[in-house]
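Protein chains in written order, with the UniProt record's numbering: chain D, 1 to 597; chain H, 1 to 129; chain R, 1 to 249.
Since the hints were derived computationally from the structure, they do not count as laboratory data.
Some hints here could point you the wrong way.
Stated by the list, open to error - Quick list of in silico lysine-lysine cross-link-like pairs, DSS-like style, CA-CA up to 27 Å:
| hint | chain 1 | residue 1 | chain 2 | residue 2 |
| --- | --- | --- | --- | --- |
| 1 | D | K346 | R | K151 |
| 2 | R | K151 | R | K205 |
| 3 | D | K301 | D | K258 |
| 4 | R | K195 | D | K454 |
| 5 | R | K7 | H | K22 |
| 6 | R | K118 | R | K144 |
| 7 | R | K144 | R | K205 |
| 8 | R | K235 | R | K205 |
| 9 | R | K205 | R | K248 |
| 10 | D | K337 | R | K79 |
| 11 | R | K79 | D | K121 |
| 12 | R | K79 | H | K88 |
| 13 | H | K88 | R | K151 |
| 14 | R | K151 | D | K337 |
| 15 | D | K337 | R | K140 |
| 16 | H | K22 | R | K79 |
| 17 | R | K118 | D | K346 |
| 18 | R | K205 | D | K32 |
| 19 | R | K248 | D | K454 |
Model, not experiment: these values are computed from the prediction.
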Amino acid sequence: MQILHTDIAIIGGGGAGLRAAIAAAQTDPNCKISLLSKVYPMRSHTVAAEGGAAAVTLQQDSLQAHFDDTVAGSDWLADQDVVDYFVSHAYEELVQLEHWGCPWSRRDDGSVQVRRFGGMKTERTWFAADKTGFHILHTLFQTSLQFANINRLDEFFVLDLLVVDQQIAGVLAMQLSTGELYQIQAKSVILATGGAGRVFHYNTNGGIVTGDGMALAYRHGVALRDMEFVQYHPTGLPGSGILITEASRGEGGILLNKDGYRYLQNYGLGPETPLGKPENKYMELGPRDKLSQAFWHEQQKGRTGNYGEHAVVYLDLRHLGSSYLNERLPFICELAKSYVNVDPAKAPIPIRPAVHYTMGGILTDGQCQTSIGGLYAIGECASVGLHGANRLGSNSLTELLVFGKVAGVAAVAHAKQRQALPSSALNAQCQQHHQQLQARFGAKQADRVASLRKAMTLAMEQGCGIYRTTEGMQQCLNTLQQLKQRYQQLAVSDNSKIFNYELLQHYELGFGLDVAEAMCASALARQESRGAHQRLDQGMQSRNDTDYLQHSIAQLMPETAGAAGGSAKISYQPVRITKSTPAARLYGGAATKQEPV
Amino acid sequence: MSEQHSPRRPYLAPLTASWWLKHRYYRFYMLREATVLPLLFFCGCLIAGFYSLQQGEQSWLNWLSFMAQPWVMALNALTFAASLFHAKTFFELFPRVMPLLPAPLMIAGQWLGTIAVAALLLLLLGGVL
Amino acid sequence: MEKTVEKTLVIQRYNPEQDQRPSQQRYQVPFDNSTSVLDALLYIQQSLDPSLAFRWSCRMAICGSCSVMVNGIPKLGCKTFLREYSGDLLLEPLAHFATEKDLVSDMTLFLQHLQAVKPYLIRQEQSAATTPATKPQPHKQTPKQLAKYRKFSSCINCGLCYAACPQFGLNPEFLGPAALTLAQRYNLDNRDQGKAERMPQLNGKNGVWGCTFVGFCSDVCPKHLDPAAAVNQGKVASATDFVIGLFKP
């Protein structure tokens, strides 16, 4: 086993991890930063974000308006002090990215262009065509190359956190190219491992989005918060789930059912806006949870079309014309042609909701600090309190930057006042894990990683989908617990060391099962409907602020009878409300009646 | 880090001398580059012509009869074709290197220029002969 | 959409812990109109042979992980479909890179070359936009100025162009299409002032002059960003830089 010493270890090389690394490197040029990623950083899933990043930009916009949209979008489950901090630091972070070279789309006068986005009252979404995440990630990655104190450890997979007396001491990682274990001793550790969309069957996420960081923290007693809130993106391609950006609706795309009818007007999002004149918070620019739920209702009523075995509705962009589409949505055109053989200028794109984003995550305070000293979490793997029950599109790219910086700076400060921990305790922990690793190898069996994973993702799709029932979730939870037991017996048949992807996937499945169980248990416990969590059970179909205006907290209980590898215990924590008291969440014409303009 | 213990053993397939035969694209590229060979022959002819002109009338007449042989004519015809081919590829690449105007415009401009210069030369030389 | 038709995939296997050299293995894979090479590889890994090693993630041609040679041509596995091929498919790891295992290539050189061209915005003086006294504001950049480099900023670092470039195959020190394109991307950005710092790399023998305009890189680029053009624009810049150098005291 190799031993490395570093001041800060950052796990994950996506947008959040890179932003944190740069912030740390700038704060203290003498600070040793190790950036671990299980893939090369530019493969991280930030790369697939399309639409944009939000910040108050225009004269007529205000921080208060961005705050209000975010809090209402969250169905009042966002921590309002965190939202306040976020909206007031969003603009400077996007400008910072501009100064690092991000090719933001522009107006004719050379200023930055902003576009409409779902649930946002005003145009405030910065974008780089329809490849915003790609450009943000590559800008950050390339910028990070100039800092000599950022030591990249590409294709290093973290197996465990090293914790001594509730203080972080480093991580245990495996170098994929050699299979060697590395004990990486660090004074601060930042988790930036992204979401867990891959625990669902149909999702817009890359294969790497397996909830690793959430499970790593969870297993060391850190709580996962608001895990029941999983965002379905209303427009994924059927089958693959490949993302068709919300920006296509921001630019004027409309949603049609099989009869060519703009069905959203039936679900509290109307009245119908004229073709080619999208209006913020109306119709197709409603929030994602409402749009995905509308699809479900249409499907129940038999008004969806078919694409192969998949029920679909249609995203119609034809009226935008091919030259506009090529300028604003070139990637969408390419994706539609490649994966569903549709030219969006000539025919509507078949789409359906697919799991996109995990609103919940590792519980942190407003400074990204978890309950373990020196352990921080940022980005999709974290629950800093920004998204509540439903995230607004284009808030999360900005989140990576705003809180990436916060965590980077905090990690430097923490590392400075920390002594290195005695390594004897760490060695013991690493040795123990090494033995566990060895025990995973064994002969080929009927159960395989792939078959267990499929059972998990289908169970989650069934039990924790757009609409949920007590019965469905209970069944899902039972399945997950059975799968966890089978997982204990599941052996890795490939015993090679170099690029052993079966071993890697074995770990990922274990992480995914823990995260899935936390999601399902949190969902079962929340007996109301809020944001992305919608129940069909009697008496639970609407929001219940009396009992559930609270964050859910999932904690892993040590092994108990009947639950191999522990099970989730759910409790609640108050939401921090500073200035916006919960009100009805209204979109479309209903909202306008509420607030006379 | 003790790299010497690394179990990695990356395998690098050697690139053989015949690498360019393996792919249509590479063969096309080699053909483009090979247009220089007949051109060398033509340059030799041209230099020999100037030399023989300097050496006197008999020498010049010998050179003319050499040039009139069918195989020399054939080779020079090949040179001409090869040069046109090379010009075509070059003219198509040029707008990508210096994107000043829309590519079709630049390609057409280059051909027009070539024809104009060739016509001018023919006119001048024709006047001499 | 029944997947009843099968296709044969011949895959180059190499396990450095056992094999002296790569060998080939055949697999039968069911497919339909939408089955990509990546889907086929995932099918093999999940149903037939979990030891098959290959990189992948996004499956939408943006992360640049799943590069392989398909019948000798560099391709993104997720954007190449089985329906496009009439016979068997031969899958090999990227040409000109060393193979770590099966279809996994060693990308170390590629990363080094990227880093060598200083691919980040370099500013010599503090512009009004970056002075700390006022609230930072974005630089101005018109759509026309953006268009000058935008295409070259779309590289997904998949490495296909290196597998297509015989000059990189012959000389691994050659910076290669993607890195030189990235240099050109920043050199063309009106906000950048770092050209002088990048030119020594571009002028060197492993820089732009290592390119002989084979042009195959542009043909295989899955994002159509024409790296050959970028590299040869770099030659113009390098030549200009040289001539200017002659007249400098």
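Structure-based check of each hint:
1. D:K346 - R:K151: holds, 25 Å
2. R:K151 - R:K205: Measuring from Cα to Cα gives roughly 26 Å; hence the hint holds.
3. D:K301 - D:K258: This hinted pair holds, its Cα atoms lying about 11 Å apart.
4. R:K195 - D:K454: violated, 51 Å
5. R:K7 - H:K22: The given pair, whose Cα atoms are some 25 Å apart, holds under the 27 Å limit.
6. R:K118 - R:K144: holds, 24 Å
7. R:K144 - R:K205: violated, 33 Å
8. R:K235 - R:K205: The given pair, whose Cα atoms are some 12 Å apart, holds under the 27 Å limit.
9. R:K205 - R:K248: Measuring from Cα to Cα gives roughly 22 Å; hence the hint holds.
10. D:K337 - R:K79: Roughly 11 Å between the alpha carbons, so the hint for K337 (chain D) and K79 (chain R) holds.
11. R:K79 - D:K121: violated, 37 Å
12. R:K79 - H:K88: violated, 32 Å
13. H:K88 - R:K151: holds, 25 Å
14. R:K151 - D:K337: The given pair, whose Cα atoms are some 20 Å apart, holds under the 27 Å limit.
15. D:K337 - R:K140: violated, 34 Å
16. H:K22 - R:K79: holds, 24 Å
17. R:K118 - D:K346: Violated, at about 42 Å.
18. R:K205 - D:K32: violated, 34 Å
19. R:K248 - D:K454: violated, 67 Å
When the structure is compared with the earlier hints, violations turn up for hints 4, 7, 11, 12, 15, 17, 18 and 19 and for no others.
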